[in-house]
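Throw the hints in and build the complete structure from the sequences for me.
Protein sequences, first through last, are from chains A and B.
Sequential numbering of the first sequence, starting at 1, is according to the working numbering.
Sequential numbering of the second sequence, starting at 1, is according to the working numbering.
Don't read these hints as lab results, they were simulated from the structure.
Watch out, some of these pointers could steer you wrong.
So, partial list: chain B residues that the calculated Cβ filter (under 10 Å) puts toward chain A [unchecked claim]:
{"id": "1", "residue": "Leu42"}
{"id": "2", "residue": "Val49"}
{"id": "3", "residue": "Ser79"}
{"id": "4", "residue": "Gln82"}
{"id": "5", "residue": "Ala122"}
{"id": "6", "residue": "Thr193"}
{"id": "7", "residue": "Glu225"}
{"id": "8", "residue": "Ala258"}
{"id": "9", "residue": "Asn293"}
{"id": "10", "residue": "Ser309"}
{"id": "11", "residue": "Gly313"}
{"id": "12", "residue": "Glu431"}
{"id": "13", "residue": "Arg433"}
{"id": "14", "residue": "Pro436"}
{"id": "15", "residue": "Val456"}
Below are the PhoX-like pairs computed for lysine-lysine, each with C-alpha atoms no more than 25 Å apart in a straight line [stated by the list, open to error]:
{"id": "16", "chain 1": "B", "residue 1": "Lys335", "chain 2": "B", "residue 2": "Lys363"}
{"id": "17", "chain 1": "B", "residue 1": "Lys162", "chain 2": "A", "residue 2": "Lys169"}
{"id": "18", "chain 1": "B", "residue 1": "Lys420", "chain 2": "B", "residue 2": "Lys318"}
{"id": "19", "chain 1": "A", "residue 1": "Lys186", "chain 2": "B", "residue 2": "Lys45"}
{"id": "20", "chain 1": "A", "residue 1": "Lys194", "chain 2": "B", "residue 2": "Lys251"}
{"id": "21", "chain 1": "B", "residue 1": "Lys50", "chain 2": "A", "residue 2": "Lys194"}
{"id": "22", "chain 1": "A", "residue 1": "Lys5", "chain 2": "B", "residue 2": "Lys415"}
{"id": "23", "chain 1": "A", "residue 1": "Lys57", "chain 2": "B", "residue 2": "Lys319"}
Don't be surprised by glycine CBs; every beta carbon is placed ideally from N, CA and C.
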Amino acid sequence: MAYDKFNILKSSAVPLPIENIDTDQIIPARFLKATERVGFGDNLFRDWRYNQDNSLKSDFPLNDNRFSGKILVGGKNFGSGSSREHAAWAVYDYGFRCVVSSFFADIFRNNCLNIGVLPVQTSAEFLQKIFDVIESDSDTQLIIDLPKQTITIDSTGAFENFEINSYKKENMLNGFDDIDYLMNIKDQIGEFAKNTPL
Amino acid sequence: MSKTLFDKVWDSHVVQQIEDGPDVLFIDRHLVHEVTSPVAFLGLKNRGVKVMSPKRTFATADHNTPTINQHLPVADPLSANQLKALEENAKAHGISYWGLGHEKNGIVHVVGPEYGITQPGATIVCGDSHTSTHGAFGAIAFGIGTSEVEMVLSTQCIMQPKPKTMRINVNGSLSKWVTPKDVALFIISQLSTSGATGYFVEYAGEVFRSLSMEGRMTVCNLSIEMGARGGIIAPDEKTFEYIKDREFTPKGAAWDKAMNYWSTLSTDEDATFDKEYTFDGSAIEPMITYGTNPGMGMRISGGIPTAESLDGGVATYKKSLDYMGYKEGDSMIGKKIDFVFLGSCTNGRIEDFRAFTEIVEGKKKADHVTAWLVPGSHKVLNAIKEEGLLDTLQAAGFELREPGCSACLAMNDDKIPAGKYAVSTSNRNFEGRQGPGSRTLLASPTVAAAAAVMGVVTDPRSLV
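Encoded structure:
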């Protein structure tokens, strides 16, 4: 499935200054029973967002009406644990198009890239700067410039470069996915398969 | 040029290298389960594509299946629907399907090796992070997301940047009552849950050589818990002995041909790794976790570390201990527990049931403890009966359930209630992993058995 194109995103952000946020927190396993990719945003961070009686936990940032926007900013080692792509789907379905952290778990990062959510890895210092500036002004805008590979805090002009390989960058800019690429080289794959030992 | 074992297997599976991009990697075996596959099959349908290699694809139901009364219809309509979808998808694409009640059914990472689907030098993927388990056989095996499941179903390939390499050596020998799970929890406690992110790990040294295949699977299984994509152990006589004559392993001339390939599968002596760690096996003690990620493990006889003694965020650490209801400096020995879970792709094999039974033999389950003993597969279940373990377990007050992932991720009804403590042989102690509000202490089958009979966290060495 091709996805939304990503170019430059300017938005306020929701801060989640917690480390090691695992995919069981992003979406608990009991919400993985769907057979279609719909409605996962409702259960994003389910057990941190809701009390057991389904009332909202007012102190959780997603429930704090100071914070909104298309960018989620998390503590280091974001997305560890289970490979469930449902975690990336939940992030997307809730309305986020970019996740910022100082460190991402591998599978979560891949899953994001595969559905058109941009993972932006910053230094620990820059991440702290973002948390601080949002804390003092929740309307702070972040600018994610994919062509230039920069993340900028609009109010201060502070910025940092981020890494993305040029193949994935092209995909994100154009909304292409890997399956399109692989389908185009299927003959080559078929030839390769004939000579595999197992 | 000298190469690591990982490089040899990876490089021989690269169909195409994309400049400043990922490698197109050919996948030999694709394992499929009900939870992460339906949206991928839907993608194939939307594109009008069939599964490229049904013979390389194997489906089993495990994640949301009940572990009692499997002969009855599945009560939860959402789970039943997901199971039905897998069955229909497997049928439509000509994939072998080992559904609920099938004699070969079980946890995907338990049945793969049992039937010889898992082979040295193969590339193996599954939409499940614990696919790393299969690395115990010298395979490159790792978990993937659903978009990638769709890629493999439709093209038998995946696009992956090549990970960096790490070697972890554990030398010497293990003390008695120290299990493969303890070795893995010890390593993760040293490296943290992100210490191997970006790497593929080779386990080397006398300790891993001396482990059984089951023990090697436990270690490789937990590779993901330190962030690694996977773990791999060079195949040896033990490996070949294990896989020989299993249903899907090559036979006759094909076996000989495969052996020619498999005999090349070791790291060249002068090959180098991007990172290397070495530990002394004799210093490892029985382990238990006290927090909300698998890196928060300690020797069972120790005290919970203080926040100041650790690197990293004090706030996150305190939040974690608050969730667990523990304090810095607390001893874990003597902590009351409510549940024991023996099972999962980490510790649901026959060797794990033997270890558990050895401890509980001649004792009684503590009255207040609820114990869920869930074999990883029907094959394991049958072996438990045939070896007489079931009689011993029953005499000690334990019952067996039917195979599945069960309380490891609590997608079915096997949920630990809020606030309760479970000593669990599974792989993750994340908040609510075993049920909303549940508190998990990860440990070996041996430590779990000691807790089950004493009702509190107990050093198994004090019981024998």
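Each hint tested on the structure:
1. Of the supplied interface hints, the one on B/Leu42 holds, with its beta-carbon coming within about 7 Å of a beta-carbon of chain A, less than 10 Å.
2. Using the Cβ-Cβ criterion of 10 Å, the hint placing B/Val49 at the interface with chain A is satisfied: the shortest such distance is roughly 8 Å.
3. Because the closest C-beta pair between B/Ser79 and chain A is about 6 Å apart, less than 10 Å, the hint holds.
4. With 10 Å as the threshold, the beta carbon of B/Gln82 comes within range of chain A, its nearest partner Cβ sitting at about 6 Å, so the hint holds.
5. For B/Ala122, the shortest C-beta to C-beta distance to chain A is roughly 5 Å, which falls under 10 Å, so the interface hint holds.
6. A cut of 10 Å between beta carbons decides the hint on B/Thr193: the least distance to chain A is about 5 Å, and the hint holds.
7. Proximity of B/Glu225 to chain A holds as hinted, the smallest CB-CB distance being about 8 Å (cut-off 10 Å).
8. Checking B/Ala258 against chain A by beta carbon gives a least distance of about 7 Å; that is within 10 Å, so the hint holds.
9. Given the 10 Å rule on beta carbons, the hint for B/Asn293 holds: about 5 Å separates it from the nearest Cβ of chain A.
10. Using the Cβ-Cβ criterion of 10 Å, the hint placing B/Ser309 at the interface with chain A is not satisfied: the shortest such distance is roughly 17 Å.
11. Interface restraint check for B/Gly313: the shortest CB-CB distance to chain A comes to about 5 Å, inside 10 Å, so the restraint holds.
12. Evaluation of the B/Glu431 hint against chain A yields a held restraint, the C-beta minimum of about 6 Å falling below 10 Å.
13. Restraint check, B/Arg433 versus chain A: the minimum CB separation of about 5 Å is within 10 Å; hint holds.
14. The closest approach between the C-beta of B/Pro436 and any C-beta of chain A is roughly 6 Å, which is under the 10 Å cut-off, so the hint is satisfied.
15. Residue-level restraint check for B/Val456 is violated (minimum Cβ-Cβ distance to chain A is 27 Å; threshold 10 Å).
16. Simply put, B/Lys335 and B/Lys363 have alpha-carbon atoms about 20 Å apart, close enough for the 25 Å limit, and the pair holds.
17. Proposed proximity of B/Lys162 and A/Lys169 is supported: the alpha carbons are some 17 Å apart, at most 25 Å.
18. A hinted pair counts as satisfied when its Cα atoms are at most 25 Å apart, and B/Lys420 with B/Lys318 qualifies at roughly 19 Å.
19. A threshold of 25 Å between alpha carbons decides the hint, and for A/Lys186 with B/Lys45 the separation of about 18 Å falls inside it, so the pair holds.
20. Among the hinted pairs, A/Lys194 with B/Lys251 is consistent with the structure: their alpha-carbon atoms are about 19 Å apart, no more than 25 Å.
21. For the hint pairing B/Lys50 with A/Lys194, the CA-to-CA distance comes to about 19 Å; that is within 25 Å, so the pair holds.
22. Under the criterion of a C-alpha separation no larger than 25 Å, the hint pairing A/Lys5 with B/Lys415 is inconsistent with the structure, at around 41 Å.
23. The hinted pair formed by A/Lys57 and B/Lys319 meets the criterion: a straight-line CA distance of about 16 Å does not exceed 25 Å.
The structure does not agree with the numbered hints 10, 15 and 22 stated previously, though it agrees with the rest.
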